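Could you build the full structure based on these sequences and the hints that come with them?
There are 2 protein chains.
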Amino acid sequence: MRKWRYVYIILLAIYFACSPTERKREQPVQNLVLVIHGGAGVITRGDMNAEQEQAHIEKLQEALTGGYAKLREGGSSLDAVQAAITILEDSPLFNAGKGAVFAANGKNELDAAIMDGKSGQAGAVAGVRHIKNPIILARLVMEKTPHVLLAGEGAEEFARSQGLILMPEEYFYTDYRWQQFLRAQEKEKNRTDSVAEKKMGTVGAVALDKYGNLAAGTSTGGMTYKKYNRIGDTPLIGAGTYADNYACAVSATGHGEFFIRGVVAYDIAARMEYLGLTVAEAVHEVIESKLTARGGTGGVIALDAIGNIAMDFNTSGMYRGFIRNDNAPQVWIYKE
Amino acid sequence: MRKWRYVYIILLAIYFACSPTERKREQPVQNLVLVIHGGAGVITRGDMNAEQEQAHIEKLQEALTGGYAKLREGGSSLDAVQAAITILEDSPLFNAGKGAVFAANGKNELDAAIMDGKSGQAGAVAGVRHIKNPIILARLVMEKTPHVLLAGEGAEEFARSQGLILMPEEYFYTDYRWQQFLRAQEKEKNRTDSVAEKKMGTVGAVALDKYGNLAAGTSTGGMTYKKYNRIGDTPLIGAGTYADNYACAVSATGHGEFFIRGVVAYDIAARMEYLGLTVAEAVHEVIESKLTARGGTGGVIALDAIGNIAMDFNTSGMYRGFIRNDNAPQVWIYKE
Numbered sequence: 001m002r003k004w005r006y007v008y009i010i011l012l013a014i015y016f017a018c019s020p021t022e023r024k025r026e027q028p029v030q031n032l033v034l035v036i037h038g039g040a041g042v043i044t045r046g047d048m049n050a051e052q053e054q055a056h057i058e059k060l061q062e063a064l065t066g067g068y069a070k071l072r073e074g075g076s077s078l079d080a081v082q083a084a085i086t087i088l089e090d091s092p093l094f095n096a097g098k099g100a101v102f103a104a105n106g107k108n109e110l111d112a113a114i115m116d117g118k119s120g121q122a123g124a125v126a127g128v129r130h131i132k133n134p135i136i137l138a139r140l141v142m143e144k145t146p147h148v149l150l151a152g153e154g155a156e157e158f159a160r161s162q163g164l165i166l167m168p169e170e171y172f173y174t175d176y177r178w179q180q181f182l183r184a185q186e187k188e189k190n191r192t193d194s195v196a197e198k199k200m201g202t203v204g205a206v207a208l209d210k211y212g213n214l215a216a217g218t219s220t221g222g223m224t225y226k227k228y229n230r231i232g233d234t235p236l237i238g239a240g241t242y243a244d245n246y247a248c249a250v251s252a253t254g255h256g257e258f259f260i261r262g263v264v265a266y267d268i269a270a271r272m273e274y275l276g277l278t279v280a281e282a283v284h285e286v287i288e289s290k291l292t293a294r295g296g297t298g299g300v301i302a303l304d305a306i307g308n309i310a311m312d313f314n315t316s317g318m319y320r321g322f323i324r325n326d327n328a329p330q331v332w333i334y335k336e
Numbered sequence: 001m002r003k004w005r006y007v008y009i010i011l012l013a014i015y016f017a018c019s020p021t022e023r024k025r026e027q028p029v030q031n032l033v034l035v036i037h038g039g040a041g042v043i044t045r046g047d048m049n050a051e052q053e054q055a056h057i058e059k060l061q062e063a064l065t066g067g068y069a070k071l072r073e074g075g076s077s078l079d080a081v082q083a084a085i086t087i088l089e090d091s092p093l094f095n096a097g098k099g100a101v102f103a104a105n106g107k108n109e110l111d112a113a114i115m116d117g118k119s120g121q122a123g124a125v126a127g128v129r130h131i132k133n134p135i136i137l138a139r140l141v142m143e144k145t146p147h148v149l150l151a152g153e154g155a156e157e158f159a160r161s162q163g164l165i166l167m168p169e170e171y172f173y174t175d176y177r178w179q180q181f182l183r184a185q186e187k188e189k190n191r192t193d194s195v196a197e198k199k200m201g202t203v204g205a206v207a208l209d210k211y212g213n214l215a216a217g218t219s220t221g222g223m224t225y226k227k228y229n230r231i232g233d234t235p236l237i238g239a240g241t242y243a244d245n246y247a248c249a250v251s252a253t254g255h256g257e258f259f260i261r262g263v264v265a266y267d268i269a270a271r272m273e274y275l276g277l278t279v280a281e282a283v284h285e286v287i288e289s290k291l292t293a294r295g296g297t298g299g300v301i302a303l304d305a306i307g308n309i310a311m312d313f314n315t316s317g318m319y320r321g322f323i324r325n326d327n328a329p330q331v332w333i334y335k336e
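Quick mapping for you: the protein sequence lines, in order, are chains A and B.
For the first sequence, the working numbering assigns the number 336 to the last residue and increments by one with no breaks.
For the second sequence, the working numbering assigns the number 336 to the last residue and increments by one with no breaks.
FYI, nobody ran anything at the bench for these hints, they're computed from the structure.
Predicted model only: the values in this text are computed from it and were never measured.
Hints are all accurate, no fakes.
Only pairs whose alpha carbons sit at most 27 Å apart, straight line, appear in this in silico DSS-like list of lysine-lysine:
| # | chain 1 | residue 1 | chain 2 | residue 2 |
| --- | --- | --- | --- | --- |
| 1 | A | K118 | B | K290 |
| 2 | A | K189 | B | K144 |
| 3 | A | K227 | B | K107 |
| 4 | B | K290 | B | K335 |
| 5 | B | K118 | A | K290 |
| 6 | B | K227 | A | K107 |
| 7 | B | K189 | A | K144 |
| 8 | B | K144 | A | K107 |
| 9 | B | K227 | A | K227 |
| 10 | A | K59 | A | K335 |
| 11 | B | K187 | A | K144 |
| 12 | B | K187 | B | K227 |
| 13 | A | K227 | B | K132 |
| 14 | A | K290 | B | K290 |
| 15 | B | K107 | A | K107 |
| 16 | A | K144 | B | K290 |
| 17 | A | K187 | B | K144 |
| 18 | B | K227 | A | K144 |
| 19 | A | K132 | B | K227 |
| 20 | A | K290 | B | K144 |
| 21 | B | K107 | A | K144 |
Rough simulated footprint, nothing fancy, chain B against chain A, three-plus residues with beta-carbon under 8 Å:
| # | region |
| --- | --- |
| 22 | 122-129 |
| 23 | 146-159 |
For every residue, glycine included, the Cβ atom is placed at its ideal position computed from N, Cα and C.
Given below as structure tokens:
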């Protein structure tokens with residue numbers, strides 16, 4: 001009879017190894033969850049005074065509350081992601097929409113993407129200069145075109161065809177980002193490295209709605225003083241943004257090139273699906289192997305279909321927070 | 001003592017389950033391999049006369065021979081991929097470089113990407129209009145900038161800074177593609193579906209050099225009558241192009257949006273690494289699950305680090321072929 005014990009153990013092992021997504025689907029879905037980030041980077045307690053800290057915390061809470069309201073009233077995870085990101089885009093505190101960083105040509109060039117974990121549909125825009133809320137345009141690309149990614153003037157022509165109002169370039173100006181641009185320009189002239197200064201703050205959100213559907217979205221102004229119409233990871237599906245009900249929803253922030261080469265957002269989903277990892281394990285492994293081991297910096301937020309949250313980064317700080325099941329929003333800035 | 005048998009079996013199972021890439025690396029590398037494609041789509045025997053068929057076959061053979069010469073003389077897989085794709089870009093027969101399709105604005109908008117399986121470095125350009133060989137510019141982005149993806153005028157400004165000669169738009173003109181554009185325009189006016197007509201022929205190559213390193217590259221004019229500066233899968237790392245010595249090199253062709261949403265090229269590599277599939281199994285599974293099951297069309301070529309080749313597609317034809325270890329190049333067009 002002893003050999004039956006081994007057979008039993010092996011069968012149990014096979015069950016746990018092979019069917020994580022199947023088991024997930026059988027669980028009742030009761031969670032409403034929204035997770036957001038406002039960028040990862042060199043953010044230390046010394047950098048900020050109490051007032052600045054408070055302003056960031058309040059805006060993150062507002063975005064969480066505004067996005068979560070959509071989930072409460074029966075809206076989709078896409079609605080919640082869009083609402084939260086719109087609030088962050090409209091704030092001058094974050095590197096997206098108003099308050100975006102300046103490229104080397106002195107312009108604001110904005111990227112955004114959104115993805116629906118239920119249908120696998122996605123929309124994205126890259127290098128737009130007059131769109132108040134790039135996340136809304138990304139969603140229109142997803143819902144009103146057969147395409148996924150539209151760029152530059154073409155994307156703005158599409159925006160006009162959809163009745164979006166194009167903003168003058170001055171709308172995006174903030175003195176803080178302009179000073180950052182001037183410092184980057186000065187460093188460029190002196191050929192000193194200025195990556196740390198470039199801060200790379202991006203905003204993003206992932207959500208789970210009452211129908212059990214996941215969505216992810218990300219929006220950014222990219223890197224300060226970026227050249228040659230550089231496109232980062234944000235608008236690239238699988239790099240900075242990804243959602244699939246059978247794995248997770250992911251939004252990334254950080255040194256975009258590392259996220260592109262490592263196909264970071266999709267790699268998290270793939271490790272969950274193919275290796276049976278939890279969302280926290282997959283996020284941790286990918287940050288270690290695709291970022292830290294290669295010298296890249298940044299972080300991600302991720303959410304699985306039963307409401308497990310992961311927020312992980314290898315920088316000193318990441319603006320982040322979540323709200324779940326009508327509890328109060330929780331928000332953090334620093335590592336500990 | 002019987003229980004040791006079980007322990008032994010379990011250890012053996014763990015070894016085979018966990019270390020497929022480790023085992024691969026122990027094999028001696030002796031293969032020189034180059035695989036290319038010239039696009040997948042509705043290509044049936046009735047469509048082509050013998051002369052056209054012969055012209056395509058000869059050009060594919062020329063690209064294979066030209067690229068393989070680099071491998072023979074000790075060049076890298078990147079050199080071979082670049083040489084083969086340059087020959088196809090310079091030919092008016094394929095939808096890349098000269099002979100690219102026209103976008104809805106009557107312009108040729110070219111995309112390309114290249115990736116080094118050894119270092120994980122990558123370069124790509126999207127929406128360039130005056131670059132004779134976008135694959136060469138993609139390689140310059142990889143080697144001369146900290147970025148991965150440059151777009152439009154910015155990418156061309158970078159090309160100029162690298163001493164590349166910009167071509168007049170007329171260079172890319174072919175009567176065949178212009179007639180295709182006019183037919184697409186007519187169909188657009190009449191609102192009839194014209195996806196089949198758009199053909200989506202892209203060119204690509206994957207190679208394995210004597211150092212055991214993989215590389216992948218892809219170049220395209222995109223979809224006929226594409227609008228709004230649409231960017232397809234070709235220049236997106238993980239979607240249409242991917243290479244990693246520990247898994248495989250992949251170049252894709254087809255209805256790009258399906259490849260973007262499915263993160264097709266990286267998914268093939270992920271299934272090899274995480275599920276232990278062979279390159280042929282991974283390619284087959286991904287074409288079934290990410291394309292056929294979702295209504296997408298296209299194909300991929302893939303190559304692993306010990307020289308196993310996969311060329312698979314769900315359309316009636318794909319221009320394709322390979323050359324291995326000094327044997328004569330082999331080329332195919334139709335399914336059987």
